[in-house]
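So the sequences go chain by chain: A and B. The opening position of the first sequence corresponds to residue 1 in my numbering, with each subsequent residue numbered one higher. The opening position of the second sequence corresponds to residue 1 in my numbering, with each subsequent residue numbered one higher.
These are computed hints drawn from the structure, not numbers from a lab. Please read all numbers here as calculations on a predicted model, not as lab measurements. Just so it is clear, CB atoms sit at the ideal spot from N, CA and C, and this is done for glycine as well. Where hints are given, some of them may not hold.
[To be verified] In silico DSS-like cross-links for lysine-lysine, where the CA-CA straight-line distance does not exceed 27 Å: (1) K358/B / K59/A; (2) K59/A / K216/A; (3) K59/A / K297/B.
[What the hints assert, rightly or not] Per the computed footprint, the stretches of chain A lying under chain B, defined by three or more beta-carbons under 8 Å from a beta-carbon of chain B, are: (4) 89-97; (5) 309-318.
Number of protein chains: 2
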Amino acid sequence: MKLVQFEGFSFVEGGITAAKGFAASGLHCGIRANKSKKDLGMLLADHNCAAAGMYTQNKVKGAPIAVTKANIADGFCRGIIVNSGIANTCNADGIEKAEAMCKIAAKATGLSDKDFAVSSTGVIGQPLPLEPIEKHADALVKALSPQNHADFASAIMTTDTVMKEVAVSFTLSGKTCHIGGCAKGSGMIMPNMATMLCFLTTDVAITPDLLQIALKQVVDETFNMVSVDGDTSTNDTVLIFASGDAGNAEIQVQEDDFRTFVNALFAVLMNLSRMIAKDGEGATKLLECTVIGAYSKEQAKIVAKSVINSSLLKAAMFGADANWGRVLCAIGYAETDVDVNLVDVTFASENGAIEVCKMGAGIDFSEEIAKKVLSADEVKILVDLHDGEETATAWGCDLTYDYVRINGDYRS
Amino acid sequence: MKLVQFEGFSFVEGGITAAKGFAASGLHCGIRANKSKKDLGMLLADHNCAAAGMYTQNKVKGAPIAVTKANIADGFCRGIIVNSGIANTCNADGIEKAEAMCKIAAKATGLSDKDFAVSSTGVIGQPLPLEPIEKHADALVKALSPQNHADFASAIMTTDTVMKEVAVSFTLSGKTCHIGGCAKGSGMIMPNMATMLCFLTTDVAITPDLLQIALKQVVDETFNMVSVDGDTSTNDTVLIFASGDAGNAEIQVQEDDFRTFVNALFAVLMNLSRMIAKDGEGATKLLECTVIGAYSKEQAKIVAKSVINSSLLKAAMFGADANWGRVLCAIGYAETDVDVNLVDVTFASENGAIEVCKMGAGIDFSEEIAKKVLSADEVKILVDLHDGEETATAWGCDLTYDYVRINGDYRS
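Isolated chain A, as found in the complex:
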């Protein structure tokens, strides 16, 4: 998938270990039956890092979230242990087992269990077996290396069909800096949360407080604008670790360096968001809805998310059917006031652009050209509300037979 470029930032290899000071590993320990699928990963920093996190807004929260929150409450953390296959959610002994995962990581590394964040993703409500994790902890630690970022990235995948890694390089006070990370996420994805699992590292020196502020700002514009199926997961977690190894003057105020950092973080998370949306369960194409002319940022976001969430529109996009009435319909039930008689809608892609609705009413257009535009694997839906200057973008995907196939029998 082609990355969206941003001036001043170069995309680099290395994912979660592109930044200086981090090692990663991943392997198959046996939580999943399929032996070719890695299901256990570890990230370890050379020393304690500033840390920040965002978590699901679902009231049913995976047990690992409570443990991670407690362990990074002081603003610092050293490593992450994560498994896929079982979510460790809705189990009576969930907290106990999440703590046990940290203890296993601590024992194998010679650190404290409080130095670790923990995450799990997979089926809800099945008991998490600790034995496979215990048995493979030493091998996991032994494999830790800056070279093994992809092993970590693949260990967190569930129904994902592609690995999702992005890293950028940029300059702060004359020093070369990096932000990089990986994400997993394909189903149970819905706006208004710190979506799915995403682990990030940076070698920038920044205070924990500003790291948290930057993370929230960017997540609100990226992951929280992604929807695959309207289902908000129980385990969504975004974590970022800052090692400070780049040697820049520590970011302590929200001025130029902070803004550069936020922009670099946006370049990473915006591209990871597009990857998650495009890899939505069963998806054949990425949908990107950009709303312009809104009277407020909030209005723009609500309208963009409502459009991207419409099952009917998603199915129409699968069929490359320019059924723009479904765009209007979704704008009409968005929970904000919109004068639908001012709305213009345009479909666009690498194959061209075609206006289909002006002032809330249909206009003559070539169905043939529309079909061509909508047949691309990345489709933009442009909505102009003609009611102000604010804009927002949301990402999603089409609704396909395969979404049903994947989710009709996920546990088997």
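Once you've looked at the hints, dock chain B against the given chain A.
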């Protein structure tokens, strides 16, 4: 589909003309290409009736809704003209054309255009041709008869696979009374609206004000608790006409007769709601989520609708997969406060019942029995919040390959 029975009410044949004083007709006029599909219907009362309506909450409203609202604003109406195939929504000349439909009906019947309600359902944003309606208006009026209720009921169908008619007979002040009607609806269906098209008649004598109150009460518990795909349509309309021909003492207060009337209306709309949910686009089974133990009616409704709306759960139900974690997940993101650690979940059907979650955590259960329970074509999801005495029920359907097929290419 088996009707849910209610004591004191007998289901009878006749649909929208089961009540005394009404005639109906339906035919193919040519709005739809398929000649075997009726696309134009008329209902006509012998004399002016008390009338009440409820309409979509989408801000994009079909033009016919504005005209219908104006024409029944005085609480009385005589007939309905309705077409399927084109929604007459998001067209610059929509209002004009909806008024023209009333004028055509008026000319053919010798009545005033203000005597008619008008509805349209189908594709949004395509211009509505008036010629086919004009050309067939006389034939439509000529065919009017109490016998032709099914022609009317089939003329409003779009992607519906079955006709949806229900009528009950009951007694008020010693007089035999009836309420009957028909509905269409299969996609673009979401809670919190007067769902889809539903036309009802009764021979009960009741004031327009109380008719409106009864309609709202019952729609809130029935149609507004149905969701097929989370998309709130632009044209949803429920209309009820009361002829008074049963000869009962006019209902003027909210006492015993009013309550009997409300219960009879519930018997009709609850069964029509189940029919709509079961005939959801591509559905193979009806899902019924009943929430008990809620601290308020509102909480019970929000939780029941959140469960019935989850794409992930709907897909799991298609696969007869007892993935109860998705029920918990949907309860967790429902917009109400729930103590998820108190929640019990049971799946039930004509094949038995099986408890799968107690106090928010998984319990051991036989996957084999669960599969059997979930393989029925009507599945109940019982949620006990253990937090009060209130209950609510919502209806929906599974998410299947055919939903995608139908909606990927609806306009073609």
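How the hints compare with the structure:
1. Restraint check for K358/B and K59/A: satisfied, since their Cα atoms lie roughly 17 Å apart, inside the 27 Å limit.
2. About 19 Å separates the Cα atoms of K59/A and K216/A, which keeps this hinted pair within 27 Å; it holds.
3. The hinted pair formed by K59/A and K297/B meets the criterion: a straight-line CA distance of about 20 Å does not exceed 27 Å.
4. Taking a C-beta to C-beta cut-off of 8 Å, the stretch 89-97 of chain A contributes 4 residues in contact with chain B, enough for the three needed, and the coverage statement holds.
5. A count of 7 residues in the stretch 309-318 of chain A with a Cβ less than 8 Å from any Cβ of chain B is obtained; the coverage claim is therefore met, three being the minimum.
No hint from the list above goes unmet by this structure.
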